[in-house]
Amino acid sequence: MKRSRHLLSSALAITVMGAAAQANAFCGFYVAKAETDLFNQSSKVALVRDGDRTVITMANDYQGDPTEFAMVIPVPTVIKKEQVHISDASLLDHLDAYTAPRLVEYFDDNPCMERELIVTAQRMRGQSAPEAVSDFSSAKSLGVTIEESFSVGEYDILILSAKESDGLQTWLSDNGYKVPKKAERTLGSYIKQDMKFFVAKVNLEEKAKQGGEMLRPIAVAYESPKFMLPIRLGTVNANGDQDLFVYALTRDGQVETTNYRTQKIPTGEELPIFIKDDFGDFYKDMYKTAAKREGGHGVFMEYAWDMNWCDPCAADPLSNEQLQELGVFWLNDRPNKPGIMPRRPGPKSMAKDVYVTRLHVRYDAESFPEDLKFKSTGNRQNFQGRYVLRHAYDGEMNCPEAEGYKREVNKRKEKEIKTLANMTGWETKYIRAKVEESGKGGFFEVDKPKKDHEWWNKIWPGDE
Amino acid sequence: MSEISLQTRKLGKAAAWVSAILADPRHYQIAILSSLILFGVFHFAFQLPWWHVVGCLGAALGTQAIADRAVGRRFDARSPLISALSLTLLLRTGSITLSIAAGILAIASKYLIRWRGKHIFNPANFGLVIVSLLFTSAWISPGQWGSAPIFAILLLGMGGIVTGKAKRWDVSLALLGSYAALLFGRALWLGDPLAIPIHQLQSGALLIFAFFMISDPKTTPDARLGRVLYAALVAVIGFTIQFGFYNSAGIILALILTAPIVPLFDRMFPSGRYQWPEFFASLKGVSDETITTPAE
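First to last, the sequence lines map onto chains E and F.
Mapping of the first sequence onto the working numbering: position 443 corresponds to residue 443, and the numbering continues sequentially without gaps.
With positions in the second sequence counted from 1, the corresponding number in the working numbering is that position plus 464.
Hints are computed from structural coordinates only; laboratory data are not their basis.
Note that CB positions come from ideal geometry on N, CA and C, so glycine has one too.
Heads up, a few of these hints could be off.
As the list claims (entries may be wrong) - One-sided excerpt, in silico: chain F residues whose CB lies under 7 Å from chain E:
#, residue
1, T600
2, S601
3, W603
4, P606
5, G607
6, G610
7, L654
8, G655
9, D656
10, A659
11, I660
12, H663
13, Y710
14, S712
As the list claims (entries may be wrong) - Okay, the calculated bits of chain E under chain F, using three or more residues with CB under 8 Å as the criterion:
#, region
15, 189-200
16, 254-263
17, 373-384
Use the sequences and the hints to build the structure in full.
Following this line, the structure appears as structure tokens:
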């Protein structure tokens, strides 16, 4: 049972998203501690697409017994050995870090002095991990054709086509893939849509040679007008919600889903200072609250940016070599299309013609009955999930303006608490307690509010 | 006494105006399309800067004004307004130039591409498809509305009124009915749960197309039977493009592809040409009058 669950949640890929912070390259300095396992039951997929050509890299963080690992993924075409590549998990980690929602800090100046600005960035990221597999047994004639059979890296891979779903189901279970009965209809639907099945297990000998704990991501290149991700097999037996991170790399611009609404994650808000230590929790609850407003599920854009730069950077943009490894096949097609030169080319001379979109999908079978279908648009407007901490000036202030400044800051802090409560669904009481407990970003002590700051106070100055 | 009669007359005049406004289906369309735009911008955070709306509207109205002067016809803002509003709803672009170009193309097509006194292409559909096919920086976002069922029902209700007024609810229903039959047929054939075709039918873009684009009386066949058959054809072609060629804007492309054979339908099923109701509200009241217009 356990095995079959792995099998199916890996129907797209398995991963866990974690939050971690790292030094950021261009602006500011290292801020906070790493957190992991932020989003459970999540998958990470890099999707490179231009025209009908697609390169999909699926990362997984399967950590169980490799003999138990198996994945079955519907694919639009037969895949040959040369079309499969074993990738490096660190690439997806880097892509994840580059596109992660980020926390930015600003420091107020001394209201009595000249301005000075320091910006720091902290980012939130997912973490990828591998999947596991088991042994194949011989093929049987159940209307199932083994179109291709090969090994790449630690994986033994079969490409199957089938005539009947029950034949395929029998074949799979005879060969150690325990597909739940409920999946039969879904398999049948894919068969009729002329999809093939990409079936992978871990080759234990190869795995032993490779060493290492994790299974490496699998990259597959194919050509098909279908720009989609099959999620239905993964929802057949899933308990509860699943999270999927799609990092789409295109030439044109933003990628969006065509059969579900893609919305932007709330961004740009100022938050209380203690969030610096609780960014992971904040983001998790903020996402949950945003999704809840849509009925608990949805497709959220967390990042959309030209790959040449970032501001602030949670990690460096990926290098040409990294992009090539991920399957960006047009890097050497010079020159760039006119009119879409990046506004701010990176320092490394040649501007890359690559636009990245990060979509965070939370779904279950009921709210996402259909597979995800995408389209790439010409929209090159940059977007990022970015949250702001504004530190009040905490040095000595000796000027008449200081009093007004402190009052302004207190007003601002109030607003931040309300914003945070609204975004995360946290109680304001809890937030106030956290502010107090953290000892950071507390309220200023201000003199008893002078009675003259509202016009009516001047009418009856003697009143209590 | 005279005071009262004056009041009564004023009231009567106001009522005349109201009924005059209600009599023309285009006023409903304008009101509903505008509300949808506001809803999209404020509720769904469409990326739609106000100057794009102004640009597209201005371009459409300006083109109509110039063309009307050229053909010597009284300028009427309502039709170009509807075309421009539909365009703003469906066309997404980051370029104001393309918004304006779409407006101009839409209206110009009414005057330039004609057959037997009737323009061939649905103006908004024409502008939308041409601009989004030619330029990568303009696109159609079929997913922008999501599939909120409540919203779908709301749209259905409002759309029903609109197209009912325009006597073209038959096209909308024939299109939706055929498309639904195809979706359910496909699901049955694939063995898919019915949640899938239901989800596909709850597409805001599909409903907007059915109620506000294909229902244009000027570019659909004149006879009811012709219209119903035509709508079914659009549904079949749109479905094929969507599921056979994996283009999510299938139904919108189907309309532009089939528009040139509308004259054929008119020939097979002859009927009277549709005219928008014309009326003048004056001090004397409202008079209905039908004027044959060269282009609307």
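Each hint, compared with the structure:
| no. | hint | verdict |
| --- | --- | --- |
| 1 | T600 | 4 Å, holds |
| 2 | S601 | 4 Å, holds |
| 3 | W603 | 4 Å, holds |
| 4 | P606 | 5 Å, holds |
| 5 | G607 | 5 Å, holds |
| 6 | G610 | 3 Å, holds |
| 7 | L654 | 4 Å, holds |
| 8 | G655 | 5 Å, holds |
| 9 | D656 | 5 Å, holds |
| 10 | A659 | 4 Å, holds |
| 11 | I660 | 5 Å, holds |
| 12 | H663 | 5 Å, holds |
| 13 | Y710 | 4 Å, holds |
| 14 | S712 | 4 Å, holds |
| 15 | 189-200 | holds (count 3) |
| 16 | 254-263 | holds (count 8) |
| 17 | 373-384 | holds (count 7) |
Checked against the numbered hints given earlier, the structure satisfies every one of them.
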